[in-house]
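Colleague: Those protein sequences? They're chains S, V and R, same order as listed. Be aware that the first sequence starts at 1, since it is given in full-length UniProt numbering, and climbs by one per residue. Be aware that the second sequence starts at 1, since it is given in full-length UniProt numbering, and climbs by one per residue. Be aware that the third sequence starts at 1, since it is given in full-length UniProt numbering, and climbs by one per residue.
No wet-lab data here; the hints were simulated from the structure. A portion of the hints provided could be inaccurate.
Said to hold, decoys possible - Here are a few chain S residues that face chain V, going by a calculated C-beta distance under 7 Å:
1. Thr5
2. Ile9
3. His94
4. Arg146
5. Cys147
Idealized CB from N, CA, C, for every residue including glycine.
Listed below are the residues making up each chain.
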Amino acid sequence: MSGATPATIAPSARIYPNVQLGEGSVVGDFVIIGEPARGVAPGEAATVIGAGAVIRSHTVIYAGNVIGAGFQSGHGALLRESNTIGDNVSVGSHSIIEHHVDIADRVRIHSQAFVPEYSTLKRGSWVGPGVRLTNAPHPLCPDVQRCLVGPTLEAGAKIGANASLLPGVRIGENALVGAGAVVTRDVEPGAVVAGNPARTVKHIRDLVCPATGLNPYRAILGVPGDDSDDDDHAGR
Amino acid sequence: MSGATPATIAPSARIYPNVQLGEGSVVGDFVIIGEPARGVAPGEAATVIGAGAVIRSHTVIYAGNVIGAGFQSGHGALLRESNTIGDNVSVGSHSIIEHHVDIADRVRIHSQAFVPEYSTLKRGSWVGPGVRLTNAPHPLCPDVQRCLVGPTLEAGAKIGANASLLPGVRIGENALVGAGAVVTRDVEPGAVVAGNPARTVKHIRDLVCPATGLNPYRAILGVPGDDSDDDDHAGR
Amino acid sequence: MSGATPATIAPSARIYPNVQLGEGSVVGDFVIIGEPARGVAPGEAATVIGAGAVIRSHTVIYAGNVIGAGFQSGHGALLRESNTIGDNVSVGSHSIIEHHVDIADRVRIHSQAFVPEYSTLKRGSWVGPGVRLTNAPHPLCPDVQRCLVGPTLEAGAKIGANASLLPGVRIGENALVGAGAVVTRDVEPGAVVAGNPARTVKHIRDLVCPATGLNPYRAILGVPGDDSDDDDHAGR
Numbered sequence: 001m002s003g004a005t006p007a008t009i010a011p012s013a014r015i016y017p018n019v020q021l022g023e024g025s026v027v028g029d030f031v032i033i034g035e036p037a038r039g040v041a042p043g044e045a046a047t048v049i050g051a052g053a054v055i056r057s058h059t060v061i062y063a064g065n066v067i068g069a070g071f072q073s074g075h076g077a078l079l080r081e082s083n084t085i086g087d088n089v090s091v092g093s094h095s096i097i098e099h100h101v102d103i104a105d106r107v108r109i110h111s112q113a114f115v116p117e118y119s120t121l122k123r124g125s126w127v128g129p130g131v132r133l134t135n136a137p138h139p140l141c142p143d144v145q146r147c148l149v150g151p152t153l154e155a156g157a158k159i160g161a162n163a164s165l166l167p168g169v170r171i172g173e174n175a176l177v178g179a180g181a182v183v184t185r186d187v188e189p190g191a192v193v194a195g196n197p198a199r200t201v202k203h204i205r206d207l208v209c210p211a212t213g214l215n216p217y218r219a220i221l222g223v224p225g226d227d228s229d230d231d232d233h234a235g236r
Numbered sequence: 001m002s003g004a005t006p007a008t009i010a011p012s013a014r015i016y017p018n019v020q021l022g023e024g025s026v027v028g029d030f031v032i033i034g035e036p037a038r039g040v041a042p043g044e045a046a047t048v049i050g051a052g053a054v055i056r057s058h059t060v061i062y063a064g065n066v067i068g069a070g071f072q073s074g075h076g077a078l079l080r081e082s083n084t085i086g087d088n089v090s091v092g093s094h095s096i097i098e099h100h101v102d103i104a105d106r107v108r109i110h111s112q113a114f115v116p117e118y119s120t121l122k123r124g125s126w127v128g129p130g131v132r133l134t135n136a137p138h139p140l141c142p143d144v145q146r147c148l149v150g151p152t153l154e155a156g157a158k159i160g161a162n163a164s165l166l167p168g169v170r171i172g173e174n175a176l177v178g179a180g181a182v183v184t185r186d187v188e189p190g191a192v193v194a195g196n197p198a199r200t201v202k203h204i205r206d207l208v209c210p211a212t213g214l215n216p217y218r219a220i221l222g223v224p225g226d227d228s229d230d231d232d233h234a235g236r
Numbered sequence: 001m002s003g004a005t006p007a008t009i010a011p012s013a014r015i016y017p018n019v020q021l022g023e024g025s026v027v028g029d030f031v032i033i034g035e036p037a038r039g040v041a042p043g044e045a046a047t048v049i050g051a052g053a054v055i056r057s058h059t060v061i062y063a064g065n066v067i068g069a070g071f072q073s074g075h076g077a078l079l080r081e082s083n084t085i086g087d088n089v090s091v092g093s094h095s096i097i098e099h100h101v102d103i104a105d106r107v108r109i110h111s112q113a114f115v116p117e118y119s120t121l122k123r124g125s126w127v128g129p130g131v132r133l134t135n136a137p138h139p140l141c142p143d144v145q146r147c148l149v150g151p152t153l154e155a156g157a158k159i160g161a162n163a164s165l166l167p168g169v170r171i172g173e174n175a176l177v178g179a180g181a182v183v184t185r186d187v188e189p190g191a192v193v194a195g196n197p198a199r200t201v202k203h204i205r206d207l208v209c210p211a212t213g214l215n216p217y218r219a220i221l222g223v224p225g226d227d228s229d230d231d232d233h234a235g236r
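The shape of chain S in the complex, shown without the other chains (with noise of 0.2 Å):
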């Protein structure tokens, strides 16, 4: 272990057994590692989070989440157990993951949203501030464990503010899904979105940057003469 950077933590955070925190993490105040789901022993369940993480403070990670390197959580937010978590993945303040969802490198994830079990987020898809991904097409129906599907981002797929999706829609990839939708229906690859219930209103390939006057997405367009270049935005 010589070489290698500790972990930073504060001196309120709590941190159960069998919480692997990678080198160089921070870990805030009033925050929580590795808290057992119902039915499990504190420790039973391992909790891996890779290096270089910034875990906020209020914040309550359970035991059982496999978490890449560069996390980083927002204040208050919450995963639940059982999660995959890539790379390069940030999650807002104040936002739910539920449990079993699966979470690719260098998803962003905005504050105050909520992504049920059985989710999938691939990889570089944003998920916008209030936005619900929901699982369960009737409530308290007696058979919903069998019939939970939560949504699928595809690659790139990005969900504006506010906007519900219902259970099992896939966003293609690249998509664009308006502040405030209510998401029916699969979405096409890199179409735009809007209303309630959600409609195509034009595809990505036809948006203009108020500033630029360039296509924002030219580079996933493969547009000549891009000089994209990585969003620094960490969706706290």
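Dock chains V and R against chain S, hints included.
Modeller: Frame of chain S, contents of chains V and R only:
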């Protein structure tokens, strides 16, 4: 008190005087129970919580709540003063119950929901993630205290994620409000409504579970061959 | 300092260096004040909070905020850095104010709301529960820093629960946005808008309080016989 199982309280939790916590209850880290409302001295108002409660971390419960047995809170839930709450109720993570709310037995409130003062949630009703009930027809009206009236959810009514209910609307027995709907008028018993503004789109007798091919609410509807059982979803 | 009433700070609260907390202020449990923003050393940026503040439990206020007198936060509110906040402002429970937000005197932000960077909230404006303002027309655009522009709420504008405001929209003086509305373009002063997308449905002069039969905003409208007074709603 021989034979009683005491409550288990995390050392970091703050319990004010005059809190009665039922036997076998569990209180998580960074919880506050008995927080005094404005103008009330600590311990002046009683807080009564029944047996077997699970109060998860970062939850705040004000003095002046009377809560039945089997209560569960998610993480970071907030219950202000003077609420009456029945047995086997759950209030999910980051949800807010204001004051003078009447919540009957077996009500489940999911995550990040908002229930304002003078709302009524009857037996077995269900509130999805991010739902907002409202009670002020005209915010900042100088007479606002005279006209505040919360929605009423009749028994078994279910409100989908991100829906908004306008002040005073009544959601009929076993009705289902779709995700993202904006409900501006009363909803008939058993109706399924969706849209902004919400319109009736079908009746719950017309619903079909995608997993079983059966009506999800056949037990409620009294259809022969019912084999329903209690849903164990914790609504965290 | 003779005669000054010191602040009352819960033992569990974390107060960083270089925080000026006005006399008579009250700070609840599990609060953080002066949290350093990324790349800023603890205590490097000043945090100034005026007299008589009530900072409720689990709230996080970053270093670099300048806040007037009579400030109130709900539980679990989050204010990031570099905001300018006037007198008698309240930020409700679980609400998030990002950075570089300009909030004038007497603004009330209710619960679970989201106000992104570069938003402007003018005197006496009101933001309801679960409202999301947005500032990025095209999330993850590589030029996003060049075009971020938050909404502007003119004096007395009111935004109903769960509404979404698109980047840069201007809500006119005393206008009223209905619950669940998705505002895609500017709103005229005094207009009442609703729907997705939001359309003008009436003028505030046409509103009638169900309790009194009077116009709720007659004081604003200069109608004779005005007897309005300040609303005491704390917006928690």
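Colleague: Would you mind marking each hint as holding or not holding in the structure?
Modeller: Now the hints, each set against the structure:
1. Thr5: 27 Å, violated
2. Ile9: 14 Å, violated
3. His94: 6 Å, holds
4. Arg146: 4 Å, holds
5. Cys147: Given a least distance of 3 Å, the restraint on S/Cys147 holds.
The structure shown violates the earlier hints numbered 1, 2.
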